[in-house]
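Number of protein chains: 4
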Amino acid sequence: MSMISRDVIAAENAKREGALKSDYAHLGEQLARRGIDIDAVKRKVAAYAVAVPSWGVGTGGTRFARFPGAGEPRNIFDKLEDCAVIHELTRATPTVSLHIPWDKVADLGALKEMGAGLGLGFDAMNSNTFSDAPGQEHSYKYGSLSHADAATRQQAVEHNIECIEIGRKLGSKALTVWIGDGTNFPGQADFTRSFERYLDAMKAIYQNLPDDWRIFSEHKMYEPAFYSTVVQDWGTNYLIARELGDKAYCLVDLGHHAPNVNIEMIVARLIQFGKLGGFHFNDSKYGDDDLDTGSIDPYRLFLVFNELVNAEERKAEGFAPAHMLDQSHNVTDPIESLIRSATEVCRAYAQGLIVERAALAGYQDDNDALMASETLKTAFRTDVEPILAMARQEAGGAIDPVATYRAAGYRTKVANERPAIAGGGGGIV
Amino acid sequence: MSMISRDVIAAENAKREGALKSDYAHLGEQLARRGIDIDAVKRKVAAYAVAVPSWGVGTGGTRFARFPGAGEPRNIFDKLEDCAVIHELTRATPTVSLHIPWDKVADLGALKEMGAGLGLGFDAMNSNTFSDAPGQEHSYKYGSLSHADAATRQQAVEHNIECIEIGRKLGSKALTVWIGDGTNFPGQADFTRSFERYLDAMKAIYQNLPDDWRIFSEHKMYEPAFYSTVVQDWGTNYLIARELGDKAYCLVDLGHHAPNVNIEMIVARLIQFGKLGGFHFNDSKYGDDDLDTGSIDPYRLFLVFNELVNAEERKAEGFAPAHMLDQSHNVTDPIESLIRSATEVCRAYAQGLIVERAALAGYQDDNDALMASETLKTAFRTDVEPILAMARQEAGGAIDPVATYRAAGYRTKVANERPAIAGGGGGIV
Amino acid sequence: MSMISRDVIAAENAKREGALKSDYAHLGEQLARRGIDIDAVKRKVAAYAVAVPSWGVGTGGTRFARFPGAGEPRNIFDKLEDCAVIHELTRATPTVSLHIPWDKVADLGALKEMGAGLGLGFDAMNSNTFSDAPGQEHSYKYGSLSHADAATRQQAVEHNIECIEIGRKLGSKALTVWIGDGTNFPGQADFTRSFERYLDAMKAIYQNLPDDWRIFSEHKMYEPAFYSTVVQDWGTNYLIARELGDKAYCLVDLGHHAPNVNIEMIVARLIQFGKLGGFHFNDSKYGDDDLDTGSIDPYRLFLVFNELVNAEERKAEGFAPAHMLDQSHNVTDPIESLIRSATEVCRAYAQGLIVERAALAGYQDDNDALMASETLKTAFRTDVEPILAMARQEAGGAIDPVATYRAAGYRTKVANERPAIAGGGGGIV
Amino acid sequence: MSMISRDVIAAENAKREGALKSDYAHLGEQLARRGIDIDAVKRKVAAYAVAVPSWGVGTGGTRFARFPGAGEPRNIFDKLEDCAVIHELTRATPTVSLHIPWDKVADLGALKEMGAGLGLGFDAMNSNTFSDAPGQEHSYKYGSLSHADAATRQQAVEHNIECIEIGRKLGSKALTVWIGDGTNFPGQADFTRSFERYLDAMKAIYQNLPDDWRIFSEHKMYEPAFYSTVVQDWGTNYLIARELGDKAYCLVDLGHHAPNVNIEMIVARLIQFGKLGGFHFNDSKYGDDDLDTGSIDPYRLFLVFNELVNAEERKAEGFAPAHMLDQSHNVTDPIESLIRSATEVCRAYAQGLIVERAALAGYQDDNDALMASETLKTAFRTDVEPILAMARQEAGGAIDPVATYRAAGYRTKVANERPAIAGGGGGIV
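Chains as they are written, first to last, in full-length UniProt numbering: chain A, 1 to 429; chain B, 1 to 429; chain C, 1 to 429; chain D, 1 to 429.
The hints are simulated quantities; they were obtained by calculation from the structure and are not laboratory data. Incorrect hints may have been included.
What the hints assert, rightly or not - For each label pair, taking beta carbons as the anchor points, the in silico distance ranges come out as: (1) A:Asp366 x D:Asp7: 24 to 30 Å; (2) A:Gly318 x C:Asp212: 47 to 53 Å; (3) C:Ala151 x D:Glu243: 42 to 48 Å.
As the list claims (entries may be wrong) - Just a sample of chain C residues kept apart from chain A, beta carbon distances all over 12 Å, derived: (4) Ala11; (5) Gly235; (6) Glu307; (7) Ala369.
Treat the numbers as computed from the prediction; the structure is a model and nothing was measured. Just so you know, even glycine gets a beta-carbon here, dropped at the ideal spot from N, CA and C.
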């Protein structure tokens, strides 16, 4: 099943093929001067994949308002179709990450089958204990896995176990646990007792984790809690992963840190101590802005990938991070934002691959700070778009995915099929 | 009409009267040593007032979820009753600030009358062009007063004029304009053209402002826009007030600044240049957290009031700022949070009043940094609660307003009268 | 030997004794209402001690300039005398923390003896590998314990071992290691290799640590390195302490964190995992401003002490943190700043002691966020100065230490004895 | 006179000429597809110039230490030679900005002549009232232009007037005033009175400004003052420029803002209101880190230039900003850092020039946030190095300036001529 007509892709590619060939050839010449084989880079890029979040294909919002677009997906089946569009055009997003209970369905077999038909697999499962589902017995208003009340914690544990069960049936191999637990006022909770309760609850979940699964805990500085957050930073996150065991890893969301923090260094530390589980990619300027990956500080994204490629090339022990986008698309067509974000992640990976690492190590050992930093800048400055485009085209995707998406008229089509949704603000100010 | 039984207040006060008298007497003795007349301070505190936001009596939330409490107000009439509770206990919140269209009603006369019956007046009107109201012709998804489309701007202008009209009928004397206009991505809008459009639209509103009204523009660094915001800081806000004219002033929300910014200095600058319009009080640790005033950094609140009292005492020209609470109560009973926040504002004011200003000026002129700063700290360290409590009691309020509120059983009463609201997350992530 | 005349202290105290007695009595009455015995609190406060940094008694500066004051100490002997002044007046600073090589002397016996004569002991030793000492063989321009060159690392290791040796002779029991190692540009160093080298070097130092000593590693977000810092946060610091062994602990400097970070939570985590070694107290608004403790955000200081008292009262395993001031006094008389900072630390401790912990725990278990946070605020709002002053007076110190210091004319005396130092900027911009 | 042998430049260029031709041709082809004439861009880049700060050619430091390099310039004559090297290789830095009294000499005629001989002119003069010069009558410890004492203010005013006099003789046309005035503690100074004194002092300087000169005031959030700074942000800076008159403008240093602040928006506002005077370019991650321009966040630099090119192309009224580098080179050869920083500024300018502005405006008007932001990203992603290199080569500079500088052996030469300087820490902690 194909969501975007092969003919449209072919027609759009035909317009750009000539320029791409010329650009690819010239870039190949440039890279050859540096001793880099462009085809080898292209092959690695082609093999690279990043998961798409099911919730990302719907229009996001803020506490002030949400402004839906046309053709909003109504359920996980609609979402899968939207995700398929992204993968067909980029050839970089073969898996989808689900959020339970948002994506819960009665017939998991049908869901799995639909995914298979669209060429999509299922990435890490995401539990949700940061909002109350209709009819839920115990409220998460005051926390979930760290709640003062044992019954509420138990409910949250069971929800996570259910997510594992659903994931098993869909072929997922990981559970991502992000909780909003924390406080809004000094004194509201005891930091130590809260964290003890959290650890106990996570251990209960961990005991239900299949042997071939991993569990990812995700830290976040603040929001929805505005004074303290139970899993507030990578230090606490590392302690969690260590306390739980070998299948427990830390997940890094790029937008979940304090201002000015050196995130690539955190990535390096987690790799060094064997606990980097994966990423939620996005970009941000202020808080957890959840903007399109690479849209605010592309160099920072590159520096993260520089660490990843470094680890990959030195074959760091236990290094196998999961890559996922996690964004909120408030003012763009979510499919377009995910397309370009997937592309940006590929771009940063390609730029990381063309860093001249032997030269870099030499400059580092010589304390030649200028040439060391220029070595990274040179890789970053290189316009690797021809590599990305060639890899996409060769895999059946689009040279220019956004233009092709627009040419295909997908949004108009679903806008006709799916009912319009009224926007509005929830009075949440 | 009284929301809280006078008997309950009397009974609760009776329990605390003895201690209060003793504490007040001893504090009077301490202040007398510094040459300060406690009764004079008390009289000023008693005359102080801060407005309560109508939206503040409902439970707030985040983009992730909202967890309503029991007895949520259903409309502006319920909200007025809740506001009356706050004023009856604190005697510090005689006015309510409305938000349109949230508080729009067919019969404004009835609303005004109800307010009068409850002893409540109406403070600044707040327009809303940061979310789409049902049935609205033009969407504010891409802005309102600065929107690229003239018809959308016109709609936003008319909405503000309507707010003025409503306010006139209710006895309000000011319009507060906060817009969410801005962008999520570099390039999304042209900063200069956007601001020109904003200024044009504000001028159109200004032309409709009655002679005895003021218009307050409110700056905010970010959220809901995550890359740029049209009215992003006090510098832009000052330019707006100057461009508009003598009735235009800047409103300062304590949570709308960049990390580490010295807010009290901004307050001083706006006073010096005659453009401080007023405040939205709250507290925050990370972003626009909208926490209870004084709950995170009480010394910062004091330093703001130190500037206000300084301006008041030197009779700074044109100094007459409006004071309003603006908070989001996500995990507390909103009435309780507003009670203590009103109290905190009074506390900071009282602490500002007992700063020994002549001594302070002397230390400043002598560059005696240590004694100058200790002079402020001494005022801040003084526990002025007896002054606040005595002022409340003498005005018919409660010595301990939260305890009295709980004793009165108001929340239970309205929980029985008002239907429960289901919580939940909007899928806005 | 006494630096401040007992007569001056007695005369100054005599002026304030009456008021103090009255205030202490009334505070005792207030605390008794809450079930708190003021004398018990006073006894704990009297037993509390914080170390003074030897370098703190000289006027500090910035990279732009340094403006020395009158009577700058010329060497560690002058510094000890200045430190003695602080202790004689506050009775809270019985130990001094040395910095090597700044405080290196040929005759350690004489130094120890002088300390004993002044009633001063020696707290943690501080090594210095963030600047080059005259004649030093290998430069620390590009790092010390993490330097790419083995000989430089070895030199840094040996310097630390020398610090231990000096400390042994003086009766110190701890070594504090703060390094400036890091980079100014992305790529300048490999994060992982740098940290491996650092760990190796620290292990070499650790092997030379006496059995009854502790080693404190200190993290800092940035400065002097402006892109990355080897020991950048508590996460890395914790890893260090864990890798080294049971005698290794983390030191927390209040000014060494990212903006908005919840420091009291870090303190709680380190206590929970048995690795809190101690503190460098100071205050800051922007970066590592090294301002007087409690001068910018006194509530934050209280919240840190709230965690410390909590741990003390629940007898947290292995909890025995070292307390030290670490400040830069650029515009005040350093002795005065240290006097008031020592007092502020005592104040926060006293406020922590009067938190009603059983009630607090109850509110926490009930998710009564408002009353829980008010419980802390009530303790913080209480003016505990009478407790501090009474404890000082009873121990032979001054009721008002700064006023007494000024009355004693110590600064004038040393200004006459010690030659004036020219200020200036180093052209370091 | 030539500091770098023409032969070395020629020989180094010869090695790279072939590749450059090929790259330039291909880039020309790519840009032509977008309707951009590469030669026109190159001509604009060739005409672009940025001033070098005289103090920038010496190794900088921090309050902790300074680690000088080999061949440190001893005086302004040495500095001019170093600056000439930068210009000869980059052809982009034809002027030098002086700092008085650091660069004060008896014979200004000789200085001017030497500059002329090296092909260097003199950019804005910089006064220094943030440190005390030897023998200075009144200390700036507690401020300069805003000092409480009139005589100190007068001294600072006179120093600035002297800077103007020196500048007139050298052919400069602007005075940059950056002061460190501010406070370390709340209460230390009265914000309003301080600012009044500052404005009075600046007016006195302004009266002495020649008709064809401009005066630039520079704001900075903090450092060396750590609680408040008199000229703390662009809002205050704008007020200053407006109060002074038509020859007064605001100078923007990229590192002088609060965390997360949108600097390009400030630039746009100052342009819109006719008060953008110029820039101090550098880069930073935490505070005023003064790192090499473009080394931390190159996209932010591009976004600033996007505003500048936008203003240039729409011929914004009064738009003629001065461009200057202002950095501290602590771990690199300062000449190399200035070379690459000049290059980075040119790069950002070139990238700004190739933004497809008509398309951008169209996307903005259509609220096509994705394509608008991609339009900027496309320009930024384009590797414009061939344009920069070709412009340099054609003007007699080096295709690869840093490699050519190294090949020329200049640092070794001056290391032999100029005495070594011992590093060290000033005990300023």
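Now the hints, each set against the structure:
1. A:Asp366 x D:Asp7: 24 to 30 Å: holds (27 Å)
2. A:Gly318 x C:Asp212: 47 to 53 Å: For A:Gly318 and C:Asp212 the Cβ distance comes to about 38 Å; the hint is violated.
3. C:Ala151 x D:Glu243: 42 to 48 Å: The hinted range 42 to 48 Å is violated for C:Ala151 and D:Glu243, with Cβ atoms some 59 Å apart.
4. Ala11: It holds; C:Ala11 is separated from chain A by about 42 Å at its closest Cβ, greater than 12 Å.
5. Gly235: violated (3 Å)
6. Glu307: violated (7 Å)
7. Ala369: About 4 Å separates C:Ala369 from the closest Cβ of chain A, which leaves it inside 12 Å; violated.
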